[in-house]
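Single-letter residue listing:
Protein chains: 2
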Amino acid sequence: MTLLPTELRIAETHRLVEPALLAALDRLDAGTRRACGYHLGFWDSDGQFPAEPTTRGKGLRSVLAVLSAQAAQAPPEVGVPAAVACELVHNFSLLHDDVIDGDTERRHRPTVWARFGVPDAILAGDALLSLANEILAEADSVHVHVAVRRLGETVRQLIAGQAADIAFEKRDDVTLEECMSMAADKTAALLACSASLGAVLAGAPPTLLTALTSFGRHVGMAFQLTDDLLGIWGDPVRTGKPVLSDLRARKKSVPVVAALTAPTMAADELRDLYRRPDPLDEAELARAASLVEQAGGRGWTEDEADRQLAAGIRALAPVDLPDPVRDDLARIAGQLRGRST
Amino acid sequence: MTLLPTELRIAETHRLVEPALLAALDRLDAGTRRACGYHLGFWDSDGQFPAEPTTRGKGLRSVLAVLSAQAAQAPPEVGVPAAVACELVHNFSLLHDDVIDGDTERRHRPTVWARFGVPDAILAGDALLSLANEILAEADSVHVHVAVRRLGETVRQLIAGQAADIAFEKRDDVTLEECMSMAADKTAALLACSASLGAVLAGAPPTLLTALTSFGRHVGMAFQLTDDLLGIWGDPVRTGKPVLSDLRARKKSVPVVAALTAPTMAADELRDLYRRPDPLDEAELARAASLVEQAGGRGWTEDEADRQLAAGIRALAPVDLPDPVRDDLARIAGQLRGRST
Numbered sequence: 000m001t002l003l004p005t006e007l008r009i010a011e012t013h014r015l016v017e018p019a020l021l022a023a024l025d026r027l028d029a030g031t032r033r034a035c036g037y038h039l040g041f042w043d044s045d046g047q048f049p050a051e052p053t054t055r056g057k058g059l060r061s062v063l064a065v066l067s068a069q070a071a072q073a074p075p076e077v078g079v080p081a082a083v084a085c086e087l088v089h090n091f092s093l094l095h096d097d098v099i100d101g102d103t104e105r106r107h108r109p110t111v112w113a114r115f116g117v118p119d120a121i122l123a124g125d126a127l128l129s130l131a132n133e134i135l136a137e138a139d140s141v142h143v144h145v146a147v148r149r150l151g152e153t154v155r156q157l158i159a160g161q162a163a164d165i166a167f168e169k170r171d172d173v174t175l176e177e178c179m180s181m182a183a184d185k186t187a188a189l190l191a192c193s194a195s196l197g198a199v200l201a202g203a204p205p206t207l208l209t210a211l212t213s214f215g216r217h218v219g220m221a222f223q224l225t226d227d228l229l230g231i232w233g234d235p236v237r238t239g240k241p242v243l244s245d246l247r248a249r250k251k252s253v254p255v256v257a258a259l260t261a262p263t264m265a266a267d268e269l270r271d272l273y274r275r276p277d278p279l280d281e282a283e284l285a286r287a288a289s290l291v292e293q294a295g296g297r298g299w300t301e302d303e304a305d306r307q308l309a310a311g312i313r314a315l316a317p318v319d320l321p322d323p324v325r326d327d328l329a330r331i332a333g334q335l336r337g338r339s340t
Numbered sequence: 000m001t002l003l004p005t006e007l008r009i010a011e012t013h014r015l016v017e018p019a020l021l022a023a024l025d026r027l028d029a030g031t032r033r034a035c036g037y038h039l040g041f042w043d044s045d046g047q048f049p050a051e052p053t054t055r056g057k058g059l060r061s062v063l064a065v066l067s068a069q070a071a072q073a074p075p076e077v078g079v080p081a082a083v084a085c086e087l088v089h090n091f092s093l094l095h096d097d098v099i100d101g102d103t104e105r106r107h108r109p110t111v112w113a114r115f116g117v118p119d120a121i122l123a124g125d126a127l128l129s130l131a132n133e134i135l136a137e138a139d140s141v142h143v144h145v146a147v148r149r150l151g152e153t154v155r156q157l158i159a160g161q162a163a164d165i166a167f168e169k170r171d172d173v174t175l176e177e178c179m180s181m182a183a184d185k186t187a188a189l190l191a192c193s194a195s196l197g198a199v200l201a202g203a204p205p206t207l208l209t210a211l212t213s214f215g216r217h218v219g220m221a222f223q224l225t226d227d228l229l230g231i232w233g234d235p236v237r238t239g240k241p242v243l244s245d246l247r248a249r250k251k252s253v254p255v256v257a258a259l260t261a262p263t264m265a266a267d268e269l270r271d272l273y274r275r276p277d278p279l280d281e282a283e284l285a286r287a288a289s290l291v292e293q294a295g296g297r298g299w300t301e302d303e304a305d306r307q308l309a310a311g312i313r314a315l316a317p318v319d320l321p322d323p324v325r326d327d328l329a330r331i332a333g334q335l336r337g338r339s340t
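So the sequence lines, in the order shown, correspond to chains A and B. What the first sequence shows, in numbering that gives the first Met the number 0, is residues 0 to 340, in sequence order. What the second sequence shows, in numbering that gives the first Met the number 0, is residues 0 to 340, in sequence order.
Please keep in mind that the hints were generated in silico from the structure rather than gathered at the bench. It is possible that part of the hints are untrue.
[Claimed, not checked] One side of the interface only, derived from the structure: several residues of chain B facing chain A at Cβ under 7 Å:
{"hint": "1", "residue": "99"}
{"hint": "2", "residue": "128"}
{"hint": "3", "residue": "147"}
{"hint": "4", "residue": "154"}
{"hint": "5", "residue": "158"}
Ideal Cβ positions, reconstructed from N, Cα and C, are used throughout, including at glycine.
Hey, can you work out the whole structure from these sequences and the hints?
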């Protein structure tokens, strides 16, 4: 199999970032390190055997952070502390979200709380959040303080997004605007941070930082909307999550809210299903998915994801970027929209 | 009531730190801010009425951090970001520990998870940890990077201590050394950080930092050992915790482990009680407390707390300190050992 230039560069990024991630984990006590490395897919739950490669995350935030340093004409190494910090923050939030949402499976394996217990999962998340700050604060750059503040602001947005997500589950009057704002906080904020944090460390000028941040935010929205679509229509074998999981948990994801807020009979029926006190059975779940589609929730979300992707690419147009960096960013953005996992 | 000079200075410290803490909370989304401020005792669970003063923490870490800046001849304001950071880290750990331990009451009120639910409590803790790093990183000092690293290292110790605490509950071969090491991580590390972090921001010389850190560590041990004693023999009305709570949860606290590892018949009986699969009734809990005392666990812990207190005071002897700062540190240390809440 021949790798395309972008794929080669992504592989190269992982070769840079992975040792730094592992070195960060080595600062932790043995038990917490084991749970964190299991979550990150570095090893199995006994801490001894290398996990299957399918258990690893995509490392998307690492790749964006390193590319952002290169966008500012710096060598990729400059972006590595930003890459590690963003990857750790992402995984901190996954660890705690899995506890909060009660999700038992991620990347084809039991989640950390399901495997090691809730206390270990809470502590593992705490450890990754703290390590993220530590590693970023140690970066060899005069712009470290700006980077640390940007990361802090991003974590607050992540928390606000997750808090809104939980609050929405108890409400049935969530507007599409609130729902999009939740997605912006929960997902797009960290992508915006990732796509600019390496450039911050590299001392990029404000125009470039603004462009990269905007790129990351729009692409992050496209990514979350695609995720929401996969949460209903994704193939469980590919996503590693149970089929129709978002509907089962009655998540107010974007396609659902777009459907619920459409003035259609399908929306009314969907609302009734979502209001039922008891768990929905398989037939009802399938019916709910079909109603989201009939009420136009699927179509709106597909279109909006495409609009966000286009806006992301457009954000980069006015700035001067090395050609391979521009190509890589565009290709990655396209993959995020087109993905099936 | 006339306040002593130390008490006046402590009140003055709170007047400096409190607005900075409140300003930090203002950065959070409304729901998370409400839960955090409830936990900190700034308001009731509806977020509108001032909570009773008894619901506030002692602000011990704030006071130490501000004093440490003054120990380095800096004005108290220099220590404020360190005070806020340490206070936030302390409260992050309380929020998550309450979830992990299933504790339903703290400072005479329902804990955050008991009042708002586990998801809100997890997110509130995450928010405080992240804010701590943010506030410290924004401090106006050329030594910020050293301070941020020290805080990161401390959080890792906190996590290691809490992880050990949990692991110990499943083991019945915990040594006294392991138990003391757990207490050092869980409590003394953050006191050591608090008692030196303001001085770090103030650019204190290494000898002073070492002395303040050692003071904080020893006094922190005395504090934890006193806490362990109160967890068994404390008055619930004063501590705000249920009577005999540590024995009920079969915590491997220092007095318990000191008792279990003593070669006495009382230790054997205590071990049998701790091994019972069912919850202990009130009579059995009272018996367990009595056995800890008979096996020498109470006496050893009292003596060790006094030794740690003395070592803390001794650590400050070789360094030059402003007289009021030395007086305040000694008085606070004494109060921590002598407290009943």
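Those earlier numbered hints the structure runs against, lowest number first
none
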